[in-house]
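Trainee: Quick mapping for you: the protein sequence lines, in order, are chains A and B. Start counting the first sequence at 71; every next residue gets the next number (my numbering). Start counting the second sequence at 505; every next residue gets the next number (my numbering).
To be clear, the hints were calculated from the coordinates, so they are not data collected in a lab. These figures come from a predicted structure and were not determined experimentally. Backbone N, C-alpha and C define an ideal beta-carbon position, used for all residues, glycine too. Please note that a few of the clues may not be correct.
Listed next, the stretches of chain B that the computed footprint assigns to chain A, with coverage defined by at least 3 CB atoms under 8 angstroms from CB atoms of chain A [unchecked claim]:
#1 580-594
#2 599-607
#3 673-687
#4 705-718
#5 722-736
Pairwise CB distance ranges, derived in the manner of DEER restraints [as the list claims (entries may be wrong)]:
#6 Val523/B x Asn193/A: 49 to 57 angstroms
#7 Leu152/A x Leu519/B: 56 to 64 angstroms
#8 Leu519/B x Ala366/A: 47 to 55 angstroms
#9 Ala650/B x Val124/A: 47 to 55 angstroms
#10 Asn193/A x Gln643/B: 19 to 27 angstroms
#11 Pro76/A x Gly597/B: 14 to 22 angstroms
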Amino acid sequence: MARLQPPAVLFALIGLAGLALPLVQFKPNRIVPGEGVGLLALPQGLAITGAVAVVLIAACAPRWPAALRLAVAAAGLAGVILSLGAAAAHLVPPGNALARVAPASGFWLLLLAFGLMGTDAVNRLKPGLALRWQMLAGALALAAAILVSGALDGVSVMREYASRRDLFGREAQAHLALAFGSLGLALIVGIPAGIAIFQAPRLRGPVLGVLNILQTIPSLALFGIMIPVLGWVAATVPGAARAGVSGIGVFPALVALFLYSLLPVVSNTLAGLSGVPAATRDAAIGLGMTRAQVLAQVLVPLALPVLLAAVRIVLVQNIGLAVIAGLIGGGGFGTFVFQGLNQTAMDLVLLGALPTIALALVAGIALDLLVQGARRVPA
Amino acid sequence: MTGRILLAGAGLFLLGFLVSPASFAPLFQPFTRNNAPAIYAQTSLLSLTLSHLAIVAVAVAASTVVGLALAILVTRRAGREFLPLARTVTAVGQTFPPVAVLALAVPVLGFGTGPTLVALFLYGLLPVFETALAGLTGQPPAIIDAARGMGLTPGQRLWQIDLPLALPLLLAGMRLTAVISLGTATIGSTVAARTLGEVIIAGLLSSNTAFVLQGGLVVGILAVLIHHGFQGLENGVRRRMGLE
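Chain A extracted, bound-state conformation (with noise of 0.2 angstroms):
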């Protein structure tokens, strides 16, 4: 039996799926449902098809070296890509405003075939943090080059983007802010916070039993609950209008986020200050260190790996969670999420989603590496 590479062979099968798949969604107007096209339907279809089969089969063969693995993957993921643009242009007839293109499922599976492809070849390559790095950078500058470049700008949700350009701006400074600002917020109570009941080892089980309720109680409901409990704070606490607290707008879900964030905060500092060998800080105190130099210049130093993975599962928890401030009137992508499904337009969806989803990833990856080198780093 001729050897070959079992997930290649995976990866393949996805792909030949995705190409046997309609590629994209032609519908005439944003609301009605499509049909669907092929790429073979397009101009050069069958070249391109061809040509893709042909590179998914070879892959499967185990001589390939995980770099050239890498190359493929990238080239036929900007080529996914640019094929869904040229058939929107292809399309779509001049001058018409309502037709709209969508991606469809052979385009989503092809988009996965290849990212398979990409994520496996980077785990082969092991390469180094710097090199991770330049990665995520160059994957950054050929996303952005590409959608710069016009040439998805016939694809529906480019159409819905182009028609909100300004809102869009808006709403991704609002959901950046609420995801930042509520985890900064959570670093400047958690971190003290956290120090607090490492010094006062009786105050851990209740501090920590209040912020675990509070992690149980559902997004949706927090949010909600945070509207008349700031509107009445805002109304009777004197001063607090004026300090910008509201029953309405941003503060609610910022106030829910913050809430949310504060377990891993508490709990990773916490964590992370135990985890210092009792040996180091008798070293510490040993050389005249007092307690605050201790705190400052040993313990927190050490412990900042842990913290740095509670903000990295902080930034992508509310990333993801700012969506629901769309619900309530508090912006961010969330907004065109739930306008679309009210007007059962997907394309508005995808334009709340699909941003949120690749802030998530960035944020997540970016962060890792971030834990990595702070983990690398002889403290």
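Position chain B relative to chain A; hints supplied.
Mentor: Below, chain B alone, put in the same frame as chain A:
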């Protein structure tokens, strides 16, 4: 001990509230304005709760079966090649926001319970797979050697050694999945699934805090009870196998 009493109290409160919500009206009255109803009455809270739990149970069961099967597959010799890839995909998959997964399932499956089930299933796969993998690969070398020395076939080793030893970790994965699904299922109401999210959303739309509170309270108590239930199960299994 006090923890157990509190749990039992919360459970009893939940049961009472679900069986006869109207008798708790005075409790929620202060949170309403303009004589709005204090208790959600469009649909029976009990039936919503049961439907919510059923969706979560089906999703968790499906993710457990598939997640465990995949974990067994990638730890056998035939699937070894997939192990690093599977690890990365799990890690990357978990960064996908559940709400986005839910929204993306709608175009494929339409509105209703379907997309919620699929989103919960896909999202729940990851913790189960991850913990099952940790359980199946984390055995001390001494145990593996002992199994080989006893002449166990790979199949016997899987059923008699690997799976029982992985059980506590698998239960921990199921616990994570169940608790996450319980919260995420509320968002399913935005795509017309029958869950307790309906109550919360009704409260949001009519600015009736009492609705938001009771929906959140029921889901919150359920989450705490399920969390502790699974934890008790884990501890029981650990004790029975002499791991503690």
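Trainee: Using C-beta distances, would you say chain A covers the stretch 599-607 of chain B, given that this needs three or more residues below 8 angstroms?
Mentor: holds (count 7)
Trainee: Taking 8 angstroms as the C-beta cutoff, is the stated coverage of the stretch 722-736 of chain B by chain A satisfied by three or more residues?
Mentor: Held - the stretch 722-736 of chain B has 5 residues with a Cβ nearer than 8 angstroms to chain A, which meets the minimum of three.
Trainee: At a Cβ distance under 8 angstroms, does chain A reach at least three residues of the stretch 580-594 of chain B?
Mentor: Contact hint for the stretch 580-594 of chain B vs chain A: holds, 8 residues under 8 angstroms.
Trainee: Tell me whether the statement that chain A covers the stretch 705-718 of chain B is true, taking a Cβ distance below 8 angstroms and needing three residues at minimum.
Mentor: Check passed, 7 qualifying residues.
Trainee: Using C-beta distances, would you say chain A covers the stretch 673-687 of chain B, given that this needs three or more residues below 8 angstroms?
Mentor: As far as the stretch 673-687 of chain B goes, the hint holds, because 3 residues have Cβ atoms under 8 angstroms from chain A.
Trainee: Has the hinted range 47 to 55 angstroms been met by the Cβ atoms of Leu519/B and Ala366/A?
Mentor: holds (51 angstroms)
Trainee: Is 19 to 27 angstroms right for how far apart the beta carbons of Asn193/A and Gln643/B are?
Mentor: Since the Cβ atoms of Asn193/A and Gln643/B sit about 23 angstroms apart, the hinted range of 19 to 27 angstroms holds.
Trainee: Is 56 to 64 angstroms a correct range for the gap between the Cβ atoms of Leu152/A and Leu519/B?
Mentor: holds (59 angstroms)
Trainee: Is the distance from the Cβ of Val523/B to the Cβ of Asn193/A consistent with 49 to 57 angstroms?
Mentor: holds (53 angstroms)
Trainee: State, for the Cβ atoms of Pro76/A and Gly597/B, whether the hinted interval 14 to 22 angstroms holds or is violated.
Mentor: holds (20 angstroms)
Trainee: A range of 47 to 55 angstroms was offered for this pair. Does it hold for the Cβ distance of Ala650/B and Val124/A?
Mentor: holds (50 angstroms)
Of the numbered hints listed earlier, not one is contradicted by the structure.
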